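If you're matching them up, the sequences are chains E and L in order. Each residue of the first sequence is one higher than the one before, starting from 25 at the first, in my numbering. Each residue of the second sequence is one higher than the one before, starting from 25 at the first, in my numbering.
One or more of the hints may lead you astray.
One copy or two, either will do: identical chains are not told apart, so a pair holds if it fits within one copy or between any two.
[Said to hold, decoys possible] With a straight-line Cα cutoff of 20 Å, these simulated SDA-like cross-link-like pairs (lysine to any residue) come out:
#, residue 1, residue 2
1, Lys232, Arg378
2, Lys458, His371
3, Lys232, Arg246
4, Lys372, Ala131
5, Lys464, Asp332
6, Lys458, Asp336
7, Lys458, Asp497
8, Lys372, Val183
9, Lys458, Ala374
10, Lys458, Asn335
11, Lys372, Gly459
12, Lys458, Glu375
13, Lys458, His418
14, Lys464, Glu114
Keep in mind the hints are simulated off the structure, nothing from the lab. Owing to the predicted nature of the structure, the values given are computational and were not obtained by experimental measurement.
2 protein chains.
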Amino acid sequence: MTASTPAGRSGATSFRRAYLTGSRPGVRVPVREVVLASGGSVRLYDTSGPYSDPGHAGGNVLPPLRAPWIGERAARGGCVTQRAAARRGEITPEMEFAALREGVPPALVRDEIAAGRAVLPANVNHPESEPMVIGRAFLVKVNANLGTSAVTSSAAEEVDKMRWAIRWGADTVMDLSTGRRIHQTREAILRGSPVPVGTVPVYQALEKAGGRPEALSWEIYRDTVIEQCEQGVDYMTIHAGVLLRHVPLTARRRTGIVSRGGSIMAAWCLAHHEENFLYTRFAELCEILRRYDVTFSLGDGLRPGCIDDANDEAQLAELRTLGDLARVAADHDCQVMIEGPGHVPMHKIAENVRLQQEVCDGAPFYTLGPLATDIAPGYDHITSAIGAALIAWHGTAMLCYVTPKEHLGLPGREDVKQGVIAYKIAAHAADLAKGHPGAKAWDDALSDARFEFRREDQFNLALDPDTARSYHDQTLPAPAAKTAHFCSMCGPRFCAMRITQDVRDYARARGLSDGDALAAGMAEKAAEFTRRGGRIYLPLADAGPARPG
Amino acid sequence: MTASTPAGRSGATSFRRAYLTGSRPGVRVPVREVVLASGGSVRLYDTSGPYSDPGHAGGNVLPPLRAPWIGERAARGGCVTQRAAARRGEITPEMEFAALREGVPPALVRDEIAAGRAVLPANVNHPESEPMVIGRAFLVKVNANLGTSAVTSSAAEEVDKMRWAIRWGADTVMDLSTGRRIHQTREAILRGSPVPVGTVPVYQALEKAGGRPEALSWEIYRDTVIEQCEQGVDYMTIHAGVLLRHVPLTARRRTGIVSRGGSIMAAWCLAHHEENFLYTRFAELCEILRRYDVTFSLGDGLRPGCIDDANDEAQLAELRTLGDLARVAADHDCQVMIEGPGHVPMHKIAENVRLQQEVCDGAPFYTLGPLATDIAPGYDHITSAIGAALIAWHGTAMLCYVTPKEHLGLPGREDVKQGVIAYKIAAHAADLAKGHPGAKAWDDALSDARFEFRREDQFNLALDPDTARSYHDQTLPAPAAKTAHFCSMCGPRFCAMRITQDVRDYARARGLSDGDALAAGMAEKAAEFTRRGGRIYLPLADAGPARPG
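Given the sequences, and given the hints that come with them, work out the whole structure.
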């Protein structure tokens, strides 16, 4: 998919990256503009970054877009977080940028951040990022996971996955590397990522502790966090809610603790018989993160790993602790979001969100799925798209994707795409259900294109134009078929939309919206119709016996 | 997937088809039995038919399982429909069979059918079918569409698609053929289908009318219906709700009429300026269908074809007419279900079901999806799985699947599988949310297998064992990996479930469920733990530097 493809070339995706201009210098907000055969264009949110610009020089390093704004803030002194600025009543360039992307007033972005109901993850050391906001008042966002593991993958592959993920619409990425070149992999991703990057610092800390949770310490962890803050990580999953007293609550669970970080901290707690140092040292963590404006993503280390464990005591106990911690973070002007499950059957989803919003004062909820059933490994992007759409409709602000490889193995490139697509679907279904202004315009534009048989427009407006076009071409590849008024699904005679066009013209021509006109002179009108050639339905040429007229 | 595979052979799916015996001769009810490595077995609903029996001789023709029961009913005289029997207080062999499959008392099946809240589609001329019941009190069912079109496909391919669809769990199939060998294709499918087969008679009728809707007539249609009844079609989509006065209501829609049958009848109405003959002759249709016990599937010819048209005037006007017609059918002892949309955003789904249940006296609702958004052609099995799960949770009894090829072209074999899997997921997610007894046992069994690292059991319990196994093997193919206590997702050091096992043992051994014991002597216990070897976490051998103990 290239941005420089001119509009209308058959078979090539036809969109371009355009820019909205804000009030301040440098606020150039990317949008994806799909040019239609009908002459108009449709603007869609774009996450693909400067890679989609015709002028992009190649390579995987981006210009430090936000550097001037960051420098300005540093020069002024005081707390550099977006939350502090919002509380002071300021609309930062980042807020304006995000607001333009959302199509909302910048003041709304500021107010939601000030209230702690939204976050704008933007580390001062990640100037390459294009600002975006996460909160229930805004478009539902999608995170894609990537990262090396001990068993496979390389840094170059992860940068490629990042570029691939944002091409399909990922709003953030998380680098979950647990392999050996964690620092280098992360550096490459950060320097090349136009979207916020999240991490789970305990993974790298554990590597430093030789892979032994009991050998972890606050000092090792703290130094790891600082290292990652210095590189520019925008948000961090921190399992500060895994309290010693919560751990036994998992003993009777069907699948125990499924969070890597949660299990690591649980093991540490039990080995030391001490309270989780992430909890006891939380204020110090706040002091560190606020210096860089790194957003807390309070980890759900005790999230349920199966339908049976959903909304259980362990999960809810941790949630309450996360609520307490969110308030401590707020006192430090730190931005905070709250992580959530996991595996939740549909009937328990609304309650989940209600509780989280209540105990966490409306902080943004960031869930992993949830899977609405456990029976389909290999298809967990679908089992969880169902739960994700529902939980986002109820107010979840960001969805962490799940790929087809979930529970089975490390996702490859195609899995990343499938996960992102499934989650963009879930997110948008929720935007529609929430009545987000502008959301429906996308569906309407595509439906118009479909109804008017503007096939190329339908493909180009689709979440995945390449696949839509290729599926169509599998049965009707000829270029002429793209303007034909039927497709292989029903063939020329049975195309409902074909017939509908005729029906509509006929109804309109005869004023059939007037019930009285219908009742009057029915037979007369039928005769008239036949005299005029009976052209209610235009049979198209096909292989069977034709009956003209 | 063969039924004769002995339990435990590595790499092969390990299940067998077993039978529950009813009280009457010949009531042998198939179940799928998955044999577990742990020694037990799990029983799942099975739709794959006698093809899965070790004794199956091959070929595509099934024994006339129901013939004795049908013969008996014919001999006794009177109305042969399941509904008439239920109203007389009878539990037919078919009802008992279906009840055993559902794990519910046969009287429940009878009562729901008598009340019109369930249907058991079983034409007297389709004795090969294994009885099943459709209704909100029962497991949510899934239909797979197949059929030739003018542009592609053959009868042999359609029979193969039918066998493929039922292997993956389709509860019924609909033969939507519009090509030239409609009769022969349908015959082959019926003789070889263990599941009910539905059709849309107007398609074949239209072929007989030379492809011109205005040339249709009641006589042509009636004769087509009789032909199909004689062959054994179990249920028929009949667009008797497309009234002349409803048609203008579609004039201002974004995507008009998207139902093939609906558009055909609308065209006929306008051409003749007469009321839809399916409506005016409905009582005669009832007289025909009741002779064979063919179930009405009252077609939603005016269903919305895009998000924007959902729940509009045209759709709801037709729905009210369908309610009226359902009552006429009931007066004739005919079984009836009501078809539904289509494209419906999540926030309009509950209302849709509520209205249908109200105006149609609780008749089973049979929806096509619905798609929760229009933006992802190529992925409409997912966009609609979201809507389908939701609408089934709210009470829809059967879901008509949607494949990745929806809106783009004719589905091939792989698309059929993807559609069925996505819809089995949606149906089961709804069963769980509805609290259907026994539904959760499947999720629990698979989660147990996952937590205990019984990989083969996890695969064999999955909706698609082949894919689950193959995805796992992509990164960890060695047989030893199937019993290893980690997978490539996190690697040996980070496997949460691995750590959890240790955490759990430790918590239990030290009575940590008692909060007081926790508080007392923490340091003492820590020292004790270290003395005992500090074995909270067992590092497994991996390529990195190892630290023993």
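Each hint tested on the structure:
no., hint, in the structure
1, Lys232 x Arg378, "neither (39 Å within a copy, 58 Å between copies)"
2, Lys458 x His371, "both (19 Å within a copy, 8 Å between copies)"
3, Lys232 x Arg246, "within (12 Å within a copy, 79 Å between copies)"
4, Lys372 x Ala131, "neither (34 Å within a copy, 31 Å between copies)"
5, Lys464 x Asp332, "between (36 Å within a copy, 8 Å between copies)"
6, Lys458 x Asp336, "between (28 Å within a copy, 19 Å between copies)"
7, Lys458 x Asp497, "neither (35 Å within a copy, 41 Å between copies)"
8, Lys372 x Val183, "neither (37 Å within a copy, 41 Å between copies)"
9, Lys458 x Ala374, "both (14 Å within a copy, 14 Å between copies)"
10, Lys458 x Asn335, "between (24 Å within a copy, 17 Å between copies)"
11, Lys372 x Gly459, "between (23 Å within a copy, 11 Å between copies)"
12, Lys458 x Glu375, "both (17 Å within a copy, 15 Å between copies)"
13, Lys458 x His418, "both (8 Å within a copy, 19 Å between copies)"
14, Lys464 x Glu114, "neither (31 Å within a copy, 51 Å between copies)"
In this structure, the hints that do not hold are numbers 1, 4, 7, 8 and 14, in rising order.
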